[in-house]
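K.L.:
Protein chains in written order, with the numbering used here: chain H, 1 to 252; chain P, 1 to 201; chain W, 1 to 467.
Hints were generated in silico from the structure; no laboratory data involved.
All figures in this text were calculated on a predicted structure; none of them were measured in a lab.
We treat Cβ as the ideally placed atom computed from N, Cα and C, and that holds for glycine.
Do not rely on the hints blindly, as some may be mistaken.
Derived contacts from chain P toward chain W, CB cut-off under 10 Å, selection only [unchecked claim]:
1. R38
2. G40
3. A53
4. V57
Chain residues, written in single-letter form:
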Amino acid sequence: MVPERDPVKGTRVQMMMTCLCDAFFDDAAHAAWMCLQRAGREVVCPDGQTCCGQAAYTAGDWPAFRQVVRHVSRVFADPAPIVVASGSCAAALFHEAPMAFEGEPDLPAIQALARRTWELTDFLVNGLGMDRWGGRLDARIAIHNACHTRGTPTIGAVRTLLKSIDGVELAEVPDSDICCGFGGVFSVSHPHISTGMGRDKVANVLSVSPDCIVSADMSCLMHQRGIAEHQGQSYPVRHIAQVLRDANRGLA
Amino acid sequence: MTDDREAMFARLRESLGRLNVRTAYPDFAADIATPKARRGGGPEVFRQRLEAANTRVVESVPALGELLRDRDTRHGYCDPSLATILGPALGDDIELLTTFDRERMDEYTFGITRASAGIVETGTLILKDRDTSDRLGALAPWIHIACLNPDRLYATLAEAIIDLDDDPNVILVSGHSQTADVEGIMIHGVHGPGEQVCLFL
Amino acid sequence: MSRQALDVFASTLDESVLQAIEVGARSGVDKRLATLTEDYEDPDMLRRLAGRLRQHALDHLDEYLANAEQRLTENGARVHFAGTTGRARDIILEILRRSGTRVVTKSKSMASEELDLTRVLQARGFEPLETDLGEFVVQLDDDHPSHIVKPIIHKNRRDVARSFERGGLGDYDDDPETITRRARAFMRSKFLEARATITGANFISAESGRIALVTNEGNARFGQAGADIHIVLAGIDKVIPRDRDLALLLSLLIRSATGQRMTSYIELVAGPRSADQPSGPREMHVIFMDANRSAIVGSEMAPILRCIRCGACMNTCPVYRKSSGHAYRGVYPGPMGTVLGPLLAEGGFGELSDLARASTLCGACADVCPVDIPLPELIARLRERSVREHVKQGQQGVPAMGLYALLAGHPRLWRLVMRLGRLLDWVPLRKLPAQLSRAWFDTRTLPRWRGGRFRRWLRGAGGDNHD
Chain H
1 MVPERDPVKG TRVQMMMTCL CDAFFDDAAH AAWMCLQRAG REVVCPDGQT
51 CCGQAAYTAG DWPAFRQVVR HVSRVFADPA PIVVASGSCA AALFHEAPMA
101 FEGEPDLPAI QALARRTWEL TDFLVNGLGM DRWGGRLDAR IAIHNACHTR
151 GTPTIGAVRT LLKSIDGVEL AEVPDSDICC GFGGVFSVSH PHISTGMGRD
201 KVANVLSVSP DCIVSADMSC LMHQRGIAEH QGQSYPVRHI AQVLRDANRG
251 LA
Chain P
1 MTDDREAMFA RLRESLGRLN VRTAYPDFAA DIATPKARRG GGPEVFRQRL
51 EAANTRVVES VPALGELLRD RDTRHGYCDP SLATILGPAL GDDIELLTTF
101 DRERMDEYTF GITRASAGIV ETGTLILKDR DTSDRLGALA PWIHIACLNP
151 DRLYATLAEA IIDLDDDPNV ILVSGHSQTA DVEGIMIHGV HGPGEQVCLF
201 L
Chain W
1 MSRQALDVFA STLDESVLQA IEVGARSGVD KRLATLTEDY EDPDMLRRLA
51 GRLRQHALDH LDEYLANAEQ RLTENGARVH FAGTTGRARD IILEILRRSG
101 TRVVTKSKSM ASEELDLTRV LQARGFEPLE TDLGEFVVQL DDDHPSHIVK
151 PIIHKNRRDV ARSFERGGLG DYDDDPETIT RRARAFMRSK FLEARATITG
201 ANFISAESGR IALVTNEGNA RFGQAGADIH IVLAGIDKVI PRDRDLALLL
251 SLLIRSATGQ RMTSYIELVA GPRSADQPSG PREMHVIFMD ANRSAIVGSE
301 MAPILRCIRC GACMNTCPVY RKSSGHAYRG VYPGPMGTVL GPLLAEGGFG
351 ELSDLARAST LCGACADVCP VDIPLPELIA RLRERSVREH VKQGQQGVPA
401 MGLYALLAGH PRLWRLVMRL GRLLDWVPLR KLPAQLSRAW FDTRTLPRWR
451 GGRFRRWLRG AGGDNHD
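Assemble the whole structure, with the sequences as input and the hints as a guide.
P.N.:
Below, the structure is given as structure tokens:
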């Protein structure tokens, strides 16, 4: 699903760090901030932000989901684009929220929110028209695309940005389009299947000997790395923003 | 035994009454699903498609006789209206029986019946009830020979379907019977014929 | 919170079963994709078109069903309406009793599985015979199909050989060709012995009344050619508007199901045999079955009824591939089964409502559906229904969201939890008895807690923060 978005005006952006980065991946959030700065944006990161609500959506508790999305809508009320360091959180806002607000009086406000919500790499490449990131990083990288980004511009954007970095070699993962089995609550409601799918994913990724595994979403990577480490395997994961930021280290 | 007809239609109308907007019939060409590479082509292309669809093409009656001798299948069923045409040209050693006796089903080693038309797109033979002298004759023996007038060809599946008359039983035959139910391995010759042949007449 | 039945079932599966399913499903995925990409520049355009066509048919089902009934009656068939599976069973039994037959041949029909028809016929003194090879094996094993197109995808040749041996069809032989020939030899006389044959319907045209039957084996042909009576059992959702639609739908169905362009046989049956035809049914009955479908039509779940039973969704579903069709308990497995199953369940929505949890919502199914059913959305809506209607079974394995939503609406509390979470580093989480933590920590590690660190950095970096 390719969301319809308002064209980007001005330099101000509001950054959504995501609850996972808030809890576990502060360096990824830092990197997202730096990338937006490098792209010439005036970055605002509202401290009142908490979560996108997706967990409630997938749980089926849509009143709870709406409650959280309304909080998002208040915190990010500024008309500037909202740039999210996660493809699945962005999808929660531009795809799932409009569905869950059908028949609600504030549907128009939520649709407006959806139209200014971007996943980070989609924002850089398609919102700002940056098809080159540049910089240098010598690394063999395996890309993982979260299922929530299926059919969205994020998939192309991640690849475009990585290919523009000198020294980056992309390793093609077998069965790359098969889900890794995280699925949020699924990982604990169906642990046997989730782990089986995760093990298959880890094996496929490691089979191409990457230096690191990169995604626009830390959620899947957290699950995959959790499985790999439990099996005693090294599984270095990086958020795409971290790779982009690191490619610029050594440059002004 | 009462029928649930009224109750079912009432439920349907009630359910559909909920809809503000009903999806309209979309606008599309009937042959939209015919692949570009499979459009066009006449009898020669049809022959290729038949073979690709596991149907052996036989160009003449003597050639059919050769095939039957080759398989050592010389005793079979034949549409009575075809038997007079084929009998002499096939040879004395080939026996054509013009009624299908169910009690002796396994004695027929082949069956010869008419095909009504063909479809070039898919290499398909069209059998119709009114043109088939006995369904079992076309179906039960291991070898089925469909006799087709090569002028009766439709370019596409869509064309063939749209041109159907009111024949009660139309069968689109694309090759021999087959199954891949055991480990996905394709085996031919299940309940239908194990060998499908097309004779151009 | 507890572990889901489907997951538990999956964990009991033999390696040989998982392997058979993986090979079969993967082959389905590859063949479908190869044919579609070879034949069409834009297969997705055709899927969306077929989706609109099927939705149109459903949105006007009252009209089209009436048309189909009229045409079939004009063609000399007898049309029946069955509101429930029970009524469909009664109608079929009545027809069979009047026919005086003992042997009944049957072609593959998922609708008939909703009636558990084969077992019912057996119990009532008939000799029903599944003639599709896969279904025949299922019948020998007193089992259920595990896939809607490839009923024994979960079996290998050794399993089938053992089934045949147990079924009295000869000594153990696991050569697929031998197995197939034995089935052929066994069934031939039965086709003639049966005075009645039962089939499903892939499509029913409202324009001509034609029943489309798609097979490779020729079993449906033989069943009809040998019998006096042909009974067609079809859900009301099988009706399509016009004959011309068959070209599009058959083209997509066959490519999606097996990667073929045509199956060996496509029968377009309009009525009983023609006047001069010596073989074939003199009597034809078409039973339109509702069984909860009329309640789904016109609702936001209606798109599931577009389904043309191709099986592509389950071939591509990683959850299906790790659990097999039997894990879904109902008649329909895989993604389409997680939606259709609970909606058709005779015991009510709750009975199969947990199936909606057996998905990561990855969307692979929606990408292959030939009629563009938005499966992940429908699955999400079923979850929402479970919560809204307080259906306990559908909420198993899912934590309550009230506390989470509360925290997410109160930034100060949220930030406090973020900071306090560091305590988790000192708590041996893996030792907690809670199902939730075991479900994660049995096979996965968790990253170290870093709650609050980025926010602290932001304050230091002087970024513009609201509070």
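K.L.:
Confirm or reject each hint.
P.N.:
Status of the hints after comparison with the structure:
{"no.": "1", "hint": "R38", "in the structure": "holds (8 Å)"}
{"no.": "2", "hint": "G40", "in the structure": "violated (15 Å)"}
{"no.": "3", "hint": "A53", "in the structure": "holds (7 Å)"}
{"no.": "4", "hint": "V57", "in the structure": "violated (17 Å)"}
The structure fails hints 2 and 4 (numbered hints given earlier, in ascending order).
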